[in-house]
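Q: The listed protein sequences correspond, in order, to chains A and B. When we follow the working numbering, the leftmost residue of the first sequence carries the number 1, and every step to the right adds one. When we follow the working numbering, the leftmost residue of the second sequence carries the number 1, and every step to the right adds one.
For the record, the hints were derived by calculation from the structure and aren't laboratory data. Be aware that a few hints might be false.
What the hints assert, rightly or not - Label-pair ranges, simulated between beta-carbon atoms:
(1) A:R402 with B:H163: 17 to 27 Å
(2) A:R402 with B:E81: 16 to 26 Å
(3) A:P362 with B:L80: 56 to 66 Å
(4) A:N341 with B:E81: 50 to 60 Å
(5) B:M219 with A:R402: 51 to 61 Å
(6) A:R406 with B:F234: 53 to 63 Å
(7) B:I41 with A:T57: 38 to 48 Å
(8) A:S138 with B:A137: 31 to 41 Å
(9) B:G215 with A:R402: 37 to 47 Å
(10) B:W184 with A:K69: 26 to 36 Å
Claimed, not checked - Beyond 12 Å from chain B on every Cβ pair, some chain A residues (computed):
(11) H193
(12) V254
(13) T337
(14) Q394
Even for Gly, the Cβ is constructed at its ideal location relative to N, Cα and C.
Chain by chain, the residues run as shown.
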Amino acid sequence: MRTKHWKLMSKGAMVLAIATLSAGCGAASAQGNNSSGVVTITLSGWTSSPVEAQLMTKELGYFEKAYPKIHVNYRPISGNYEALLKTRFVAGDAPDVIYVNNGGESSTFIANKDLIPLNHYIKSSHFPIQDFYSSALSLFSSHGQIYGIPKDQSPLALFYNKTLFQKAGITAPPTTWAELAADAKALTKPALHQYGLINSVQEPRWAEFLLESGGGVMNAAMTRMTLTSPASLQGYRFFVNLYRDHYATTPPTVGAQWGGQAFGMGDAGMVVSGNWLVPFLNQTYPHTQFGIVPMPKGPVNAETLTFPVAYGITKDSLHPQASWTLIRYLTSKQGMTKWMNLGLALPVRPSLINLPYYAQHPVLQGLIADLPQSQAWTFPPGFVEYVTTTMTNQTTLVIDGRESARQALKVMQQDGTQLLGQ
Amino acid sequence: MVKVVFNKPNQGLALGTSMTGRAQASRNGVTGYLFTAPTIILLALFTAGPAFYAFYLSFFSWSLLNHMHFVGLSNYPQLLELPLFWIAVRNSVVFAFVVVPTQTLIALGIAAILNQKLPARGFFRLAFFFPAISSSAVISIIFMWIYNKFGLLNSFLLLVGIHGPDWLSNPSFALSAIMLMNIWTTAGYFTVVFLAGLQAIPVSLYEAAAIDGAGSWRMFSRITVPLLRPTTFFVVVMGIIGTLQMFDQSFILSQGTGGPLHSTTTLVLLVYQFIFSYGKVGLGAAATVLLFMLILAVTLAANRWLGQTVDY
Numbered sequence: 001m002r003t004k005h006w007k008l009m010s011k012g013a014m015v016l017a018i019a020t021l022s023a024g025c026g027a028a029s030a031q032g033n034n035s036s037g038v039v040t041i042t043l044s045g046w047t048s049s050p051v052e053a054q055l056m057t058k059e060l061g062y063f064e065k066a067y068p069k070i071h072v073n074y075r076p077i078s079g080n081y082e083a084l085l086k087t088r089f090v091a092g093d094a095p096d097v098i099y100v101n102n103g104g105e106s107s108t109f110i111a112n113k114d115l116i117p118l119n120h121y122i123k124s125s126h127f128p129i130q131d132f133y134s135s136a137l138s139l140f141s142s143h144g145q146i147y148g149i150p151k152d153q154s155p156l157a158l159f160y161n162k163t164l165f166q167k168a169g170i171t172a173p174p175t176t177w178a179e180l181a182a183d184a185k186a187l188t189k190p191a192l193h194q195y196g197l198i199n200s201v202q203e204p205r206w207a208e209f210l211l212e213s214g215g216g217v218m219n220a221a222m223t224r225m226t227l228t229s230p231a232s233l234q235g236y237r238f239f240v241n242l243y244r245d246h247y248a249t250t251p252p253t254v255g256a257q258w259g260g261q262a263f264g265m266g267d268a269g270m271v272v273s274g275n276w277l278v279p280f281l282n283q284t285y286p287h288t289q290f291g292i293v294p295m296p297k298g299p300v301n302a303e304t305l306t307f308p309v310a311y312g313i314t315k316d317s318l319h320p321q322a323s324w325t326l327i328r329y330l331t332s333k334q335g336m337t338k339w340m341n342l343g344l345a346l347p348v349r350p351s352l353i354n355l356p357y358y359a360q361h362p363v364l365q366g367l368i369a370d371l372p373q374s375q376a377w378t379f380p381p382g383f384v385e386y387v388t389t390t391m392t393n394q395t396t397l398v399i400d401g402r403e404s405a406r407q408a409l410k411v412m413q414q415d416g417t418q419l420l421g422q
Numbered sequence: 001m002v003k004v005v006f007n008k009p010n011q012g013l014a015l016g017t018s019m020t021g022r023a024q025a026s027r028n029g030v031t032g033y034l035f036t037a038p039t040i041i042l043l044a045l046f047t048a049g050p051a052f053y054a055f056y057l058s059f060f061s062w063s064l065l066n067h068m069h070f071v072g073l074s075n076y077p078q079l080l081e082l083p084l085f086w087i088a089v090r091n092s093v094v095f096a097f098v099v100v101p102t103q104t105l106i107a108l109g110i111a112a113i114l115n116q117k118l119p120a121r122g123f124f125r126l127a128f129f130f131p132a133i134s135s136s137a138v139i140s141i142i143f144m145w146i147y148n149k150f151g152l153l154n155s156f157l158l159l160v161g162i163h164g165p166d167w168l169s170n171p172s173f174a175l176s177a178i179m180l181m182n183i184w185t186t187a188g189y190f191t192v193v194f195l196a197g198l199q200a201i202p203v204s205l206y207e208a209a210a211i212d213g214a215g216s217w218r219m220f221s222r223i224t225v226p227l228l229r230p231t232t233f234f235v236v237v238m239g240i241i242g243t244l245q246m247f248d249q250s251f252i253l254s255q256g257t258g259g260p261l262h263s264t265t266t267l268v269l270l271v272y273q274f275i276f277s278y279g280k281v282g283l284g285a286a287a288t289v290l291l292f293m294l295i296l297a298v299t300l301a302a303n304r305w306l307g308q309t310v311d312y
């Protein structure tokens with residue numbers, strides 16, 4: 001079995017390229033204009049759950065009714081989305097329309113011109129691009145060209161377990177760092193496997209604390225690492241000290257895979273997470289009583305990170321015009337309203353913040369309130385390895401007490417600076 | 001295929017009279033190659049071709065998305081200077097060093113027991129072989145639950161008063177946990193191989209030894225073990241290749257990260273990360289070439305040590 005897998009690997013990009021190419025041949029022959037003039041395009045993205053895929057299929061059904069000349073093949077990719085997408089790009093057979101992740105590889109896709117600029121389409125169809133949050137839009141823009149139309153986003157906010165708060169005698173969720181630390185302490189009962197805060201130590205779970213103390217990972221132009229500034233050190237220390245004081249812990253400590261699961265299991269008093277946790281809790285842990293509030297305010301700012309996702313058209317698309325029609329439909333006010341009513345993510349158009357859906361689902365207000373003070377999470381090309389391994393490993397060493405916060409930030413600053421110089 | 005089978009005899013008849021023995025032999029060769037052509041083509045296209053292509057890629061700088069450019073041998077010194085590469089080499093070698101002897105001994109032991117006339121022998125053979133035919137991905141996911149902080153393993157340990165660690169997120173235990181799982185999965189397969197080997201040993205040797213007054217341990221150590229040498233060679237070589245190429249179990253149990261703190265990053269996982277996640281195709285390809293050389297060297301050494309056959 002191991003040998004079989006290894007053979008797959010050793011063939012490397014080549015075989016994957018051939019495999020996807022041959023798989024693509026079938027798709028390509030089905031593409032293009034057939035006798036009735038119907039154009040077929042492919043849409044690929046990741047899915048948070050089978051429910052999302054079902055709803056997307058339904059949505060595309062409405063689209064095909066409105067535009068009978070365009071047929072959409074919906075091909076969600078489960079797991080390792082960007083790695084798989086890269087192999088499709090190598091094969092020259094990428095789907096026409098893809099979800100473009102913020103952070104991750106989107107900057108690489110844009111830098112390598114794997115996505116086509118949309119300015120011309122936006123202009124010719126009078127698409128109201130000014131209605132989008134500029135923070136989200138700027139993520140998918142480069143040198144004045146727009147490469148993706150934002151579809152949705154979710155900021156990080158603080159989820160709290162109402163039952164555990166009540167038991168610990170805490171009347172209101174925290175609004176400041178001091179309250180956060182005090183509440184975490186009151187909620188921690190190691191004998192019951194219960195902790196104040198349970199989150200993994202990946203960068204997007206601590207970078208917001210750096211922002212709140214007036215620091216940050218990089219300067220706004222992303223030309224310089226700013227991890228070793230006193231302000232950054234203050235924010236980083238606050239985060240790691242929660243773990244060192246044992247009021248916070250990582251999910252495996254309570255036998256969970258991720259913070260959201262630990263929270264659903266009732267082992268975490270609080271968890272920093274996004275909109276995606278809401279449907280997960282409702283489906284998997286319907287008995288967990290929770291509330292959502294904006295990230296507690298730090299010594300300087302109240303700030304958080306947000307994760308916008310966009311639709312982009314790939315360079316391999318044979319039908320960019322039809323692809324644009326699909327994107328325009330899905331990101332129109334009407335299309336987006338339908339998508340938002342699924343409760344999977346928040347709007348990227350400020351004009352949709354007051355949808356009736358949010359009045360009916362007041363729990364989401366905490367996330368919406370976090371939007372104005374959120375910064376889109378992103379990194380320059382070539383930072384994936386650094387963010388996923390160096391930053392996580394250094395922080396793991398700090399919370400295990402094997403390195404000081406200052407040392408870890410110094411290592412990250414050095415490695416990051418070296419990457420920026422390449 | 002059909003065409004080849006049908007045409008060949010006719011051609012043979014037409015030319016048959018003027019054939020010398022040598023020509024006949026070479027014609028047989030051609031026929032042989034024609035028959036094996038589908039396999040040869042598949043192997044060339046999907047095994048040899050990609051292997052050579054990996055070798056070729058190791059001379060380039062490429063991120064999958066940008067244009068390749070030739071960098072000569074420079075990927076190799078760059079790779080050798082990376083601490084992460086040496087961590088991966090160490091993990092893979094330690095893994096092989098622990099797993100291969102353990103699984104070989106366990107497989108031999110179980111095979112020797114199963115070779116006796118035990119009740120419900122078929123059931124036990126199936127039970128031990130079962131992990132080998134189960135999907136490695138499914139087994140990995142089941143073991144994730146077994147190794148959970150509050151999982152099966154720690155519950156058993158608690159019965160004897162041991163508070164077990166958090167196996168997969170503790171850097172000191174994660175690789176050992178994968179070793180344990182790997183031994184459990186592969187020992188059964190090699191047990192069956194040993195069983196086949198055991199049954200090929202003539203009973204007369206044991207009878208002769210019994211007449212000479214040899215005990216069962218003496219028979220095992222003087223007859224069974226030496227005569228199993230060709231089987232042992234196969235088991236050890238396949239074990240070495242399999243363990244040095246271990247990827248899937250690390251990938252699933254660490255959720256693709258090779259963590260915690262690179263403690264489960266094996267060479268092949270690193271190759272995957274270099275090529276598909278980090279856009280360093282050249283470095284990944286260079287690592288596959290070095291892995292190939294490592295496996296070749298170890299296999300040749302095993303061949304020297306275990307390769308000769310034993311005759312009584």
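Q: Each hint: holds or not?
A: Cross-check of the supplied hints:
For the pair R402 of chain A and H163 of chain B, the beta carbons lie near 21 Å from each other, so the given range of 17 to 27 Å is met. Checking the proposed 16 to 26 Å range against R402 of chain A and E81 of chain B shows it holds: the Cβ atoms sit about 24 Å from each other. Distance hint for P362 of chain A and L80 of chain B: a CB-CB separation of about 59 Å, consistent with the stated range 56 to 66 Å. Between N341 of chain A and E81 of chain B the beta carbon distance is about 54 Å. The supplied range of 50 to 60 Å therefore holds.
A hinted range of 51 to 61 Å for the beta carbons of M219 of chain B and R402 of chain A is consistent with their spacing of about 54 Å. Between R406 of chain A and F234 of chain B the Cβ separation comes to about 55 Å, which falls inside the hinted range of 53 to 63 Å. Against the hinted window of 38 to 48 Å, the Cβ-Cβ separation of I41 of chain B and T57 of chain A comes to about 40 Å, which satisfies the hint. For S138 of chain A paired with A137 of chain B, a C-beta distance near 40 Å keeps the hint of 31 to 41 Å intact.
The beta-carbon spacing between G215 of chain B and R402 of chain A, approximately 54 Å, falls outside the hinted interval of 37 to 47 Å. About 57 Å separates the C-beta atoms of W184 of chain B and K69 of chain A, a value inconsistent with the hinted range of 26 to 36 Å. The beta carbon of H193 of chain A is not kept farther than 12 Å from every beta carbon of chain B, the shortest such distance being approximately 8 Å. Look at V254 of chain A: its CB is around 7 Å from the nearest CB on chain B, not clear of 12 Å, so calling it non-interface is violated.
Once the 12 Å rule is applied to beta carbons, T337 of chain A is consistent with being away from chain B; the minimum gap is 35 Å. At roughly 10 Å, the least C-beta separation between Q394 of chain A and chain B is not larger than 12 Å, which violates its mark as non-interface.
In summary, the numbered hints that this structure violates are 9, 10, 11, 12 and 14.
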